[in-house]
Each structure stands twice: as structure tokens, then as C-alpha cells.
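Following the hints, position chain B against chain A.
Residue strings, one per chain:
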Amino acid sequence: MNRRHLRAVLSREWLELSKGRAARLTAWFLPLGVIAAVGATQRWLVGLEPQTLADATEGLEAATGDAAVVSLLDFVNLQWIALMLVLPAVLPQMISIYSIVTEKESKSLEAVLATPISTLDLLLGKTLVAVLPAIALTWTCYLGSAGVAALLAPAPVGAHFFRAHYALGFGVLVPLVAFLAGISGVIVSAHAKDARAAQSLSGFVVLPLMAVALVPLVSNLWLLAATCGVLASLGYWASRLAVRLFQRGEILTRWR
Amino acid sequence: MIEARGLSRTFGDQVAVEDLSLRIEAGEVFGLLGPNGAGKSTSVRLLCGLIAPTSGSAELAGVDVVKEPERVRSKVGILTETPGLYEKLNAEENLRFFAELYELPVASIDGRVQRVLELVQLWDRRSEAVAGFSKGMRQRVAIARALLPEPPVLFLDEPTSGLDPVTARAVRELIARLRSEGRTIVLCTHNLDEAERLCDRVGVLNRRLLRVDTPERLRRELYAQVTRVELDQLTPALLDQVRELPFVERVRAEGNQLFATIADYELYNPDLVRALVEAGASILAIDHEPHSLEQVYFDLLATAQGTATGATS
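Chains as they are written, first to last, in our numbering: chain A, 1 to 256; chain B, 1 to 313.
So here's chain A without its partners, still in its complex pose (with noise of 0.2 Å):
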């Protein structure tokens, strides 16, 4: 693996990326607003008529005041967190085929694999360039929604978002999935014509992969670590797999 390969394909990829409108507003806005929205949501439910709290409350097991509350809030942010744990599953997939695919149209990919840079480097290097920005926005949005149930809901709501296997979840299984969503989606697209074909085939993947990855809403750690072990290895296949398909030729004479 050259570093310097690597360095270069993301410092061009994020430099294209960051001119575009489109990333920009997504950068900013999918966390400010997941963040906005699970802090309404804290302030919403703290905020309830008791009469109110007691119908939302019903079928839980917490019966009055705080703990009503907390309970409503615990369940609640669960669905956060599932939807914040999904994000990893589909962000990358979908910038590494719009990389990909860009590279097609502007045929730049050429002019790239002419130079000395290895399979491998590009691969990891296109994987990267979508996984990095999914795994940052992922955590910035876990960590930003637990900090405003700290501020805004009763003590225990906050700390709730750091159970052990949340914490394991957006710690070790989010960036596993996120690298498995974008090596597939490079694998995928560069043997797909198009970014619609590389879209539908990748469906196949991110499916299984968002359910994987709501792994951590099951409070069983041992099954979290060993969802982490198989993911880990078939994210190390999974890249000598693209490098496998990577049929330079092919794709020089089929992309036109």
C-alpha cells in the first residue's frame, strides 16, 4: 500500500467533492438536522401533560413522573440510534459509485490508471473517500444527539446513548459496515454502465448490510463482537475481491 497514493486519491476526491453544492449542504445539513431533530424531540417529550405522558406510556413498564419519562425517551432515541446506525450502511455506497461513475463520464480514469499508482490504492482510495465522510457524519450525529439528551432530557437519558454496546456499535461495527458499503459500491459500479445500474445492484447489498448493522440495538455484546469479527474479515476479502474484478481492460474499452 503507497500512502502517498492513497493521500492523493482523497485530498482530490474531497477537494472535487467539497466544490460541489450538493456535498456541501449534506456535510452540514444531515447532522445539524438529525441533531435538531432528536433535541426537539427530548424537549417535546419532556414537556408532556402528565395525562399525555401516562397514554404514551402505557404499554411501558415505567409508571409515573421521571421515570416515565425516561423510559418514553429511551425508546424513542432507540429509533434514533437505529437510524443513525443505517446511515453508515448507505452514505458511503452512495458517494463511492457517484466517484466511480463521475470518473466514467469524465473518462479521468484512464489518465489515472496510467500512472503508477497500484489496484489496490485506487480501490482503497475510492473506498475511503466514502467511508470517511460517513463514518464522520455517523458520529457526529450519535455524539451530537446524546449531547442534547444530556442537555435537554432528565440525567440518565444521555448517558443511555452510551451503553456498551451502542458505544461498541458506533465504535467498531459502524466504520465496519460503512467500509463494506463503499467497497461494495466500487465493486459494483465498476462493473455496472451506468450509475442507475450500479444504484439497483447495490440495493442487493445495502439490504443485508442495514440489517447487519442494527446489530447493536440487540444488548447482546457477544453477538456484537463476533458481528465486528465476520465483518472485519469480509471487509479484507471483500478489497482483494474488487482488485480481483478490476479488469483494467474492460473497463478502458467498455466505459466509452
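None of the hints are false.
Straight line, CA to CA, 20 Å or less: simulated DMTMM-like cross-link-like pairs of lysine to aspartate or glutamate:
#, chain 1, residue 1, chain 2, residue 2
1, A, Lys107, B, Glu92
2, B, Lys135, A, Glu105
3, A, Lys107, A, Asp194
4, A, Lys107, B, Glu158
5, A, Lys107, B, Glu87
6, B, Lys75, B, Glu59
7, B, Lys67, B, Glu3
8, B, Lys88, A, Glu16
9, B, Lys75, B, Glu181
10, A, Lys19, B, Glu128
11, A, Lys19, B, Glu92
12, B, Lys88, A, Glu105
13, B, Lys75, B, Glu150
14, A, Lys107, B, Glu81
15, B, Lys75, B, Asp64
16, A, Lys19, B, Glu87
Don't read these hints as lab results, they were simulated from the structure.
The following block gives chain B in isolation, referenced to the frame of chain A:
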């Protein structure tokens, strides 16, 4: 500098290049001529280690193209068929990215980027997004990109294709300058006039390499030279006398002009002039009618197609 031995490449059932064998010397400008789909771009991609051959081998600057493609690619600059630039980036950003991929010494990057952009006369426009550039300007940025690593070997695929005459001439002048610097250049082109002016040797390709030689020798080998003599008066008797000269293969007349096909005009033109003067003719002008490389090219392709048709029928 470049040596290919029996290089072939197929894509599925499609044969793109078959049994390509050639040797290109250091400092030579070699033209690859051929119609669309003849395998010119595939040959370039094979020779510079961009794609692997199905069979055969090649070396570039002593490095095995099949075994060490990455090392080969560090020794070549390639102008691809389409400029393939990053539209949102400016010219300088485009080049800086490639400078990193070629692993140029960090301290030299600023200077090299400036030098190649000045060479293609785009230094003043370096901060503008490439998306706003004309086709000719994009082509010039792509040429600058190919020159950036200061490679000993340059592959230029259709460098003047689609350019206006002024820009095309500027690009040709640039290639001539690079040639004078002693770089080895492989030039793929449809423009036979360009090949004739710039190339030391040309290879005519139509999946197989049909012929390799200097444009001049190809013409000589394929065609006898025609000498045109303008006389004050051309009589049938004079025409007969010329016809009987042993070195003259054919004679025709157009008004007072005589066209004599001679096997070697440099050797026999003085004899022809002497014979005409001795026969009492007054010569107003004399020159020889050259066959263009274009004619050679079309005849070679026609012969190859005829052979292929004959072989399959």
C-alpha cells in the same frame, strides 16, 4: 527503448491486436497509423503497461511490461484519446494530483507544474476550472499532464484530433520541440500529413502490423516515382522515343506535359533529361510527382482487407 514480441490482446471473442512485434529506438518518433478500431489505442495501452496482453511480451526501457507494469507506467507519459480531466478542479489542481500519483519529489512539484503549464501556454489560466476550458485548452492541459513526470517515453493518442487548425499547429509544434529534446514518442494518428511531418518511422496497423518503415521508404518501395516534364511542345515521336528508354516503365502525356514512371528517379532523371535534350526537346520545367503517405496507407489497408477477404472466402 520499446520492444514488443508477438503482443496480442482479445476482449472476449474480439481480437483487438494480433501478433504485434516492433522495435522503437530511443529518441525516435514512431507513428501508429490505422483506421478506427484498428487497435492503435489498445497497442498503446499494452505497450505502456496499462492493460495486460493475452499473449506475447514487451519491454519498455528495459522493464518487462507484463511483469512490472507499475514500473513501466512510471517511465511513460500518456496523452489519452480524450483529455479526461477533473472538471471541477482547475488546471493546476489537476496537475498537482497527477504529480502525487507519479510520486514526483515534493520540492519539485511547484516548478514542474509551472514549467509544463507555461510550455502549453496555460500558466495564466491555471486557476480557472477546467470545465470552462475549450477543447483545445483541455487537450493542452492533458499534454501538460503527460509531460509532468518528464518521461523518457511519450505516448500521444490522437493529439490533434478535433482541434482547430491553429491549436493543432501549436500542438504539432510542441511535439516537434519534444522530438528535438530527444524524447521517444509514439504517436497514434489519423492525420497522415501529421505523421509524415513528425514521424521518423510509421507502422500501419489493422489489428496486425501491416508494415513498418520510414514514410519515404514506404512510398519508394510501393511505388515507382513519376517524373513530370513540361515541354514547349510534346510530339508523338518524342513520346515514342522516351517510351523506348530502358529505365522508363510507363509514359503518358497531358498536353505538353510528359509523365514518365521511373524505377529510381534520382538515378535516371539525368539520363531522361539528356535523352530529351538530344531529341531536340525544349524543357520548361521538371519535377517528380510524389505519392503521399495517404496513398500508401490506403493501399496497404486495401491489400490487407483483400487478403483477409480472400482468406475467408
